[in-house]
Structures are given as C-alpha cells and as structure tokens.
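J.: Since the structure of chain A is already known, use the hints to place chain B on it.
So the protein sequences, as listed, match chains A and B. Residue numbering for the first sequence is 1 to 126, as defined by my numbering. Residue numbering for the second sequence is 1001 to 1275, as defined by my numbering.
Treat the hints with care, since some could be wrong.
Claimed, not checked - Calculated cross-link-like contacts (lysine-lysine; reagent style DSS-like; alpha-carbon spacing at most 30 Å):
1) A:K48 with A:K63
2) A:K51 with A:K104
3) A:K51 with A:K63
4) A:K51 with B:K1143
5) B:K1177 with A:K70
6) B:K1143 with A:K48
7) A:K48 with A:K58
Claimed, not checked - Label-pair restraints from in silico Cβ distances:
8) A:A74 with B:V1166: 48 to 58 Å
9) A:N93 with B:A1003: 16 to 26 Å
10) B:F1147 with A:S118: 34 to 44 Å
11) A:E44 with B:R1265: 47 to 57 Å
Hints were generated in silico from the structure; no laboratory data involved. Note that CB positions come from ideal geometry on N, CA and C, so glycine has one too.
Chain by chain, the residues:
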Amino acid sequence: MSISRFARAVRRSSFSSVLLGSVLAGGVMGGALVAQAEDTHEVEISIKDHKFEPDALKLPVGKPIKITVKNLDATPEEFESHDLGFEKIIAGNSSAIIRVKPLKPGTYIFFGEFHQDSALGHVVAE
Amino acid sequence: MLAALIIVFREVLEAGLIIGVVLAASRGVHGRNGAVALGVLAGIAGSIIVAVFASGISNAFDGRGQEIFVAAILLFAVIMLGWHVAWMAHHAREMTQQLRQLGSDVSAGRQSLFALGAAVAVAVMREGSEVVLFMTGILMQGKDNGFELLIGSGIGLMLGAVVSMVLYFGLAAIPIKQMFTVTGVLITLLAAGLAASAVKQLSNAGLLNVFDSTVWDSSSILSEDSWPGRVLSILVGYMDRPTGMQLIAYVATAAAIFFMSYILRAPAKPVGQRA
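Bound conformation, chain A alone:
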C-alpha cells in the first residue's frame, strides 16, 4: 500500500487508529530483544552505613559486567553512575543486579544519590 493510500485510509478511519500507530512505533523498539552474552564478569558491592564496600574496584576491559549490590542499611539508596550509564533504586535490606556493557579502559565514578556525601566509589577498567 502506498503512503498516500495509507494516509487516506488512516484519515478515514476513527481516531483510535492513532493509538495503533503509537503501538507500532513502540513495537519497533521492543522488537529486537537479544539474550545476554555469556562471558560475564561478576562482582559484588555492599552498602553499609551509606558507604560502599569495596569503594574501589578493578574490572576487566571488554567483558560484560554483572554487579550485585547488597544494601545492608535499612534505608533505600539510589545506586547511580553517569559514567557507566545507570541509576537504580535499591530498597533497604535488599539487593539489586546491575548489568554493565563491556568497558573501555578508564576510571568510572559511581555514587549513592541519596547519600552523596558518603556513598562514593569508582571503578578502574584495565
């Protein structure tokens, strides 16, 4: 069907077709689901008294990373890094998993948004 015929068809149809169009647009983005790579490097970080343990990590370059963050405090924390590109709320006394794409060599800072005066850490990828 040509674009103009499609346009006319949509114009003729009811307004609800807009919704369909939006869903289609969404489908384009959701369509390409791919499974996680297998060779994942796993690390663990805990939060206690609004501090990270460890607060400095060495990570390998070029491998997907899986960080398990255990929040040992009773209060929630938002684990965040602009450099690594994530932000995630972790409720009190619970843990969360962060998946990081393969890194290039460099230093990456992460922090706890709710306690930025104490919850600071960094990753060195080499």
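T.: Here is chain B on its own, set in the frame of chain A:
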C-alpha cells in the same frame, strides 16, 4: 538540608516540566484541569504503591524488574503523549477559533483527556516513587537533622512546582495561533526523549543489545547531569552519551508522531466530505 532540597527538586522538576508542557498544550480543552489534577493524584497514589513494592519490583525477572517496569511506564507515556499531539492537531483549527472568539474553554471534545491524565499520572508515579523512598529513608534514620531534611524536601517540592508553573505561563503567553504548534513540537520531542530513555532501561536490563555502542560523548560540553543539561533532557530529550538504538528510537518516535499529526491535522473541510 540542601542535599535533600536538591534531590526532591530534581525529581519534582522532571514530572513538573512534563505537566507544564501538557497543560499548555491542552489550553482550551474543557475539563483538562480536572484530568490533570486526577492524573497527579493517581500518580501520587501510584508512587506510594511502587515505593512499597520497590524491592519486589526490582527482583522480578531475574533482577531486571525495575528496568522493565520503568521502560513500560515510559513507553506508555510515549503512546499517551503521541495520542494527545495527534488529537490536538486534529482539533487545532476549531480550538484556535473558539479560543479567539470566546477567550474561554471550548468543549471541542474530550477524547484526549484520558491520554492527558494518564501521561501525567505515570510521570508523577515514576519520579514520585523516588521522592517517597528518599523521604521514608530520612524518617527511618531518625537522625537529629531528620526534621531539617524534611523541610529541605518540602522546599524542593515547592520550588519544583514553581518552576513548572513558570514554564506553563511562559508557554501560555505565546500567541494562540502559534501556541499549539510550539507545544505540539515540544510534546513530540518530549515523547521522543522518553522513548530513548526507555531504550536505555531495556539496554541496562540486557534485553536490547542492538546498536548498543555510544555514538557521541558531549558530556564535556553539556553534561546531562548539569542543570541546563537536565532540563533539556526532559524537555527535548537531550542525551550526552546516546547509543545508536537510543537515537533510532528518538527519531522513529518523533517521526511517527509528526506523521500522525500531519495526516490527522485539522482538514479544510470536515473529515469524510472530501472528494
């Protein structure tokens, strides 16, 4: 106190700017104040529910629950905003006329009010749940400065609301003839930005690894973490380190909404009477 103020202000601002733009875009739609107010209330109720189940949501889907949940919320908002823009394009002419003549509300139709309220509700729910968690954290700690932190949060909340109102009145001051065009474009870009940020969530969950590398890094020029960068990222979807897939999502969403508005735009004659 300042830290609490800034955190709450930041979250409120994100939802508030969306509400400001949506309100300006729906000027003249009869009943929109009620729809937006209902959206805000539903959003606040939703925030509390999300905050209570934060841990459960996060642990769902092998630790991918939070990303999937946020992505779903964002995509829902994208669809609602797109619907609203297309609806406004369809009714722009009669609304502009009636607004000029009467200077008051028009009853041109209310189909888009649901979309409007729903978009507001999810925007408030997403940011609000973080505020709720942050503030319950303060209360749980029971520190000496807890009261001070709550005051800071309260001021942050009010400041966020004030900035959103300034944006709304700024947009509302645009002459009616251009206003629907300006707000239509603004909502389209806002929705495109939300779609790109949904892609980021799915990518972080390891569910979407196509075109996953960063296309450019302009964080040294305008960081998304700076205030101007943050406001631009909410309003027009500015990204300092976008991936290819994020750019594709942004362009595809904006194009889809523009295309729908174009074919549904207010016709010269009523729909169905064309030769």
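J.: State for each hint whether it applies.
T.: Against the structure, the hints:
no.	hint	result
1	A:K48 with A:K63	28 Å, holds
2	A:K51 with A:K104	26 Å, holds
3	A:K51 with A:K63	26 Å, holds
4	A:K51 with B:K1143	17 Å, holds
5	B:K1177 with A:K70	55 Å, violated
6	B:K1143 with A:K48	16 Å, holds
7	A:K48 with A:K58	20 Å, holds
8	A:A74 with B:V1166: 48 to 58 Å	38 Å, violated
9	A:N93 with B:A1003: 16 to 26 Å	23 Å, holds
10	B:F1147 with A:S118: 34 to 44 Å	20 Å, violated
11	A:E44 with B:R1265: 47 to 57 Å	55 Å, holds
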